[in-house]
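Colleague: With the hints as extra help, turn the sequences into a complete structure.
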Amino acid sequence: MLITGQPDPGIQFGDSVLGQLDSGQTGTFRIGIAAIVAVLVAVVTTSVSGTSETSKDAQAQSDASTVNSAAASYFADQGGAESLTPITQTVLAVTADIVQTSSSAWPEDHLTTVYASVLPGDAIITVTDILFLDDKGDTLVTVDPETNAASDFVVDDLLTHYTAVDFDALINDAYMVEPPNSAEQTGQTFADYLWLLEKTNVSGSLTDDVSRNVVVFKLISVTALNPGVDDTVVLLYQQIV
750 MLITGQPDPG IQFGDSVLGQ LDSGQTGTFR IGIAAIVAVL VAVVTTSVSG
800 TSETSKDAQA QSDASTVNSA AASYFADQGG AESLTPITQT VLAVTADIVQ
850 TSSSAWPEDH LTTVYASVLP GDAIITVTDI LFLDDKGDTL VTVDPETNAA
900 SDFVVDDLLT HYTAVDFDAL INDAYMVEPP NSAEQTGQTF ADYLWLLEKT
950 NVSGSLTDDV SRNVVVFKLI SVTALNPGVD DTVVLLYQQI V
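In the numbering used here, the protein residues as written are 750 to 990.
Simulated from the structure, these hints should not be mistaken for laboratory data. There may be inaccurate statements among the hints.
Stated by the list, open to error - Cross-link-like lysine-lysine pairs, in silico, BS3-like; alpha carbons within 30 Å at most:
(1) K805 - K948
(2) K948 - K885
(3) K805 - K885
Modeller: If you want it as structure tokens, here you go:
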């Protein structure tokens, strides 16, 4: 090490440092640089992909506020008696006789109608189960209001306490101009995003499920159970709104 205060001639940049290496060392040096560049390219590529996905989620979260306002306006403009439409269906071939109920007071439809491939009926068993995560990536739980007991959120909870947003109703009645991009199903087997209305109660109300909150779930993974044997899968959705 030089301690005279003069620059160390070995610590230089550009071609000058290569000039001090023999041919074998130069080749090794350049290979090392190439490897570093390759790693940086991979990092940038992954980052861009992740940014795009994050952007789509952020847009869905922003759109949820618009949909929530449109649904509230739709509800406020409804006159006359509320009409409830229940349907009973076996879903995923294992969840039997679940009653789904939609209301004419809200822009909503049954989940098994809007998301038929995600929640198939008796004759279709492609999807055998759906797992749910909360916005932090933990297992989504539900709390019984009577016992205060917590349990994993399952398909029964989804079908009983949620409906699908009916964007046709909102658009046809001029509450929205078009649906969010993430709500459009463009031929994929399973919806990338589930746009839902969560049924909620208002304190002091004599009627259950008198209010709605917009909730959005994003498809995280599709896991094949018997690859090469059949098409059965398990879906994993995460709540982002």
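Colleague: Each hint: holds or not?
Modeller: Each hint tested on the structure:
Restraint check: the Cα-Cα separation between K805 and K948 comes to about 26 Å, which is no more than 30 Å; the hinted pair holds. Under the criterion of a C-alpha separation no larger than 30 Å, the hint pairing K948 with K885 is consistent with the structure, at around 22 Å. Using a Cα cut-off of 30 Å, the hinted pair K805 and K885 holds, with the two alpha carbons roughly 17 Å apart.
Checked against the numbered hints above, the structure violates none of them.
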